[in-house]
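Student: With chain A held as given, fit chain B onto it using these hints.
Here is what each chain is made of, one letter per residue.
There are 2 protein chains.
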Amino acid sequence: MTGKLYVIGVGPGDPELLTLKAVRILKEVKCICVPKGREEGNSLALSIVQKALSLEGKEIIEAHFPMTKTKQQGLGIRGQGLENSRLDNKWAETVKNILGRLNKGIDVAFITLGDPAVYSTFFYLYDRLLELNPNLKIEIIPGVSSINASAALAGLSLGLADERIAILPANYIDNLKEMLGKFDTVVLMKVHKVFEGIRQTLTEMNFLNNAIYISRAGMEDEKVFKNINSVKEEDLNYFSMIIVKKGR
Amino acid sequence: MTGKLYVIGVGPGDPELLTLKAVRILKEVKCICVPKGREEGNSLALSIVQKALSLEGKEIIEAHFPMTKTKQQGLGIRGQGLENSRLDNKWAETVKNILGRLNKGIDVAFITLGDPAVYSTFFYLYDRLLELNPNLKIEIIPGVSSINASAALAGLSLGLADERIAILPANYIDNLKEMLGKFDTVVLMKVHKVFEGIRQTLTEMNFLNNAIYISRAGMEDEKVFKNINSVKEEDLNYFSMIIVKKGR
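Protein sequence lines, in the order shown, are assigned to chains A and B. The first sequence maps to residues 11 to 258 in our numbering. The second sequence maps to residues 11 to 258 in our numbering.
There's no promise every hint is true.
Identical chains blur together in the list; that is why a pair holds if it fits in one copy or across any two.
Unchecked claim - DSSO-like, lysine-lysine: derived pairs with alpha carbons at most 30 angstroms apart:
(1) K147 x K68
(2) K192 x K256
(3) K203 x K106
(4) K256 x K187
(5) K114 x K14
(6) K68 x K14
(7) K236 x K203
(8) K256 x K100
(9) K236 x K14
(10) K256 x K200
(11) K242 x K106
(12) K256 x K46
(13) K100 x K14
(14) K100 x K37
(15) K200 x K37
(16) K106 x K236
(17) K147 x K14
(18) K256 x K14
(19) K236 x K37
(20) K40 x K61
(21) K147 x K236
(22) K68 x K106
Hints in this document: simulated from the structure, not taken from any laboratory.
Next up, chain A with everything else stripped away, as it sits in the complex:
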């Protein structure tokens, strides 16, 4: 009997935001696979789980994601071919590690920060795993995403009744004006590197009072800035987002 692969969203940081189902499965499985890589936050997933339950006697294996594939990179950067083949090797190794356990009948839990469907690198592995074994049993356990945790912390509804929501990785600020025009709520992810540009656009469009900056939602040092102009350089970090909500 082949083992089952569970993909578990462990929530944004607070171990209490794990679901009952996540905790039960994590207690049951003998092997936990932890994403590691350039992306910040990967090792965080394990620390969240460690606070909620004992991992004694469990095998911990690492999944390497050395970089994030982006559309820009897909256009072909110098040396991209080499980088891609290194990346493929890393992925192949992770796939081999996971399938190795499953083929021995060992269930594996792949843990991921927040919710698996919301920008989790797991999906880079998903197709590769199913390609090698189309009959693989994979169950995805949804979790609390950082978007929901940020809205909760800010006391904001993302949408009510007929309202429309756009979720944008913040590198697309070129389209920000159009998006702010068309949507009731715009969620901007990973704003730390483009914060000034966003602040400028919000000011120009007179949306400054509609925007809230949330840093590290669900973590111990979480912070909400209801005044975007009070956000300082040191308040910016990878785990940050801006929610712009019209009619606020």
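Tutor: Same frame as chain A, now just chain B:
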């Protein structure tokens, strides 16, 4: 000492998708407020909680939301004034019930299906409560939303790397073509009443193979249709969504 109001997302249906935090607080509080109204699914929140813990000895109060305010209705329908004042009375009653307990120092948990920030009627109450008592202690506990549960069930990522996500209540199908053009992922909520129109647009745009219909995600009779054309009249219901994902 005034009590504290907890607004708790109880997840999409499976009691195991409650968070540890939700369960802890629901065990601690003496009073639980349950939304009731025309919207389907409200009484579901209580049944989820009842499966996860004993409610013996707790006071259950009902919050009436007789209808959902929509933009269309806001434009002024015949008799709207009367309907609005009835609605205001219902809300005033709920606010009074909640504040009555809080003022006696009793903590209250307002439970809501899915995640509070995602189309929960609670936010109609939020401003009214804070208006009457700006110092009210309100803590929102995020939960697993039906969107995340649907994506998990369908084995779909909502977004990866630079991808952009739009979440649209399905009454806006006029803009569907534009949205499908501009976003990598389009989540259409409550599609049961406009299913045929959506199917037609997806067919015209050659996106039929990119769309998945998910019915009652997180509930016992949850279902995934990877072929939109196989969805029958009886498969359509209030707890349904379509996720259109390009490059699938």
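Student: Hint by hint, note whether the structure agrees.
Tutor: Right, here's what the structure says about each hint:
1. Taking identical chains as interchangeable, the C-alpha atoms of K147 and K68 lie at most 30 angstroms apart only when both belong to the same chain, with a minimum of 21 angstroms there against 41 angstroms between chains.
2. In the homo-oligomer, the alpha carbons of K192 and K256 lie at most 30 angstroms apart both inside one protomer (11 angstroms) and across protomers (21 angstroms), since each shortest distance falls under that limit.
3. Taking identical chains as interchangeable, the C-alpha atoms of K203 and K106 are never at most 30 angstroms apart, the minima being 35 angstroms within one chain and 46 angstroms between chains.
4. Proximity of K256 and K187 under a CA criterion of 30 angstroms is satisfied in both settings, with 13 angstroms inside one chain copy and 23 angstroms between copies.
5. For a Cα distance limit of 30 angstroms, the shortest separation of K114 from K14 inside one copy, 11 angstroms, qualifies, whereas the shortest one across copies, 51 angstroms, does not.
6. In this assembly of identical chains, K68 and K14 lie within 30 angstroms of each other by CA distance solely inside one copy; the values are 16 angstroms within and 40 angstroms between copies.
7. Taking the shortest alpha-carbon separations for K236 and K203, only the intra-copy value of 19 angstroms comes in at or below 30 angstroms, while the best inter-copy value is 38 angstroms.
8. Taking the closest pair of Cα atoms, K256 and K100 come within 30 angstroms of each other only across two copies (26 angstroms); inside a single copy the shortest separation is 44 angstroms, beyond that limit.
9. When the C-alpha separation of K236 and K14 is checked against a cutoff of 30 angstroms, the pair qualifies only between copies, where the shortest distance is 22 angstroms, while the shortest distance within a copy is 44 angstroms.
10. In this homomeric assembly, K256 and K200 come within 30 angstroms of each other (Cα to Cα) both inside a single copy, at 21 angstroms, and across copies, at 22 angstroms.
11. Taking CA atoms no more than 30 angstroms apart as the test, K242 paired with K106 passes in neither setting, with 44 angstroms inside one copy and 41 angstroms between copies.
12. In this assembly of identical chains, K256 and K46 lie within 30 angstroms of each other by CA distance solely across copies; the values are 27 angstroms between and 38 angstroms within a copy.
13. In this assembly of identical chains, K100 and K14 lie within 30 angstroms of each other by CA distance solely inside one copy; the values are 22 angstroms within and 49 angstroms between copies.
14. For a Cα distance limit of 30 angstroms, the shortest separation of K100 from K37 inside one copy, 28 angstroms, qualifies, whereas the shortest one across copies, 45 angstroms, does not.
15. Proximity of K200 to K37 under the C-alpha cut-off of 30 angstroms is found in neither arrangement, the shortest distances being 32 angstroms within a copy and 36 angstroms between copies.
16. In this assembly of identical chains, K106 and K236 lie within 30 angstroms of each other by CA distance solely across copies; the values are 28 angstroms between and 47 angstroms within a copy.
17. Within a single copy, K147 and K14 get their C-alpha atoms as close as 5 angstroms, which meets the 30 angstroms cut-off; across copies the closest is 44 angstroms, which misses it.
18. In this assembly of identical chains, K256 and K14 lie within 30 angstroms of each other by CA distance solely across copies; the values are 28 angstroms between and 44 angstroms within a copy.
19. Within a single copy, K236 and K37 get their C-alpha atoms no closer than 39 angstroms, and across copies no closer than 32 angstroms, so neither meets the 30 angstroms cut-off.
20. Within a single copy, K40 and K61 get their C-alpha atoms as close as 18 angstroms, and across copies as close as 28 angstroms, so both meet the 30 angstroms cut-off.
21. With identical chains, the CA atoms of K147 and K236 are at most 30 angstroms apart between copies only, with a shortest distance of 17 angstroms across copies and 45 angstroms within one.
22. Taking the shortest Cα distances, K68 and K106 sit within 30 angstroms of each other inside one copy (19 angstroms), while across copies they are farther apart (51 angstroms).
Hint compliance for this structure: hints 3, 11, 15 and 19 are broken, all remaining hints hold.
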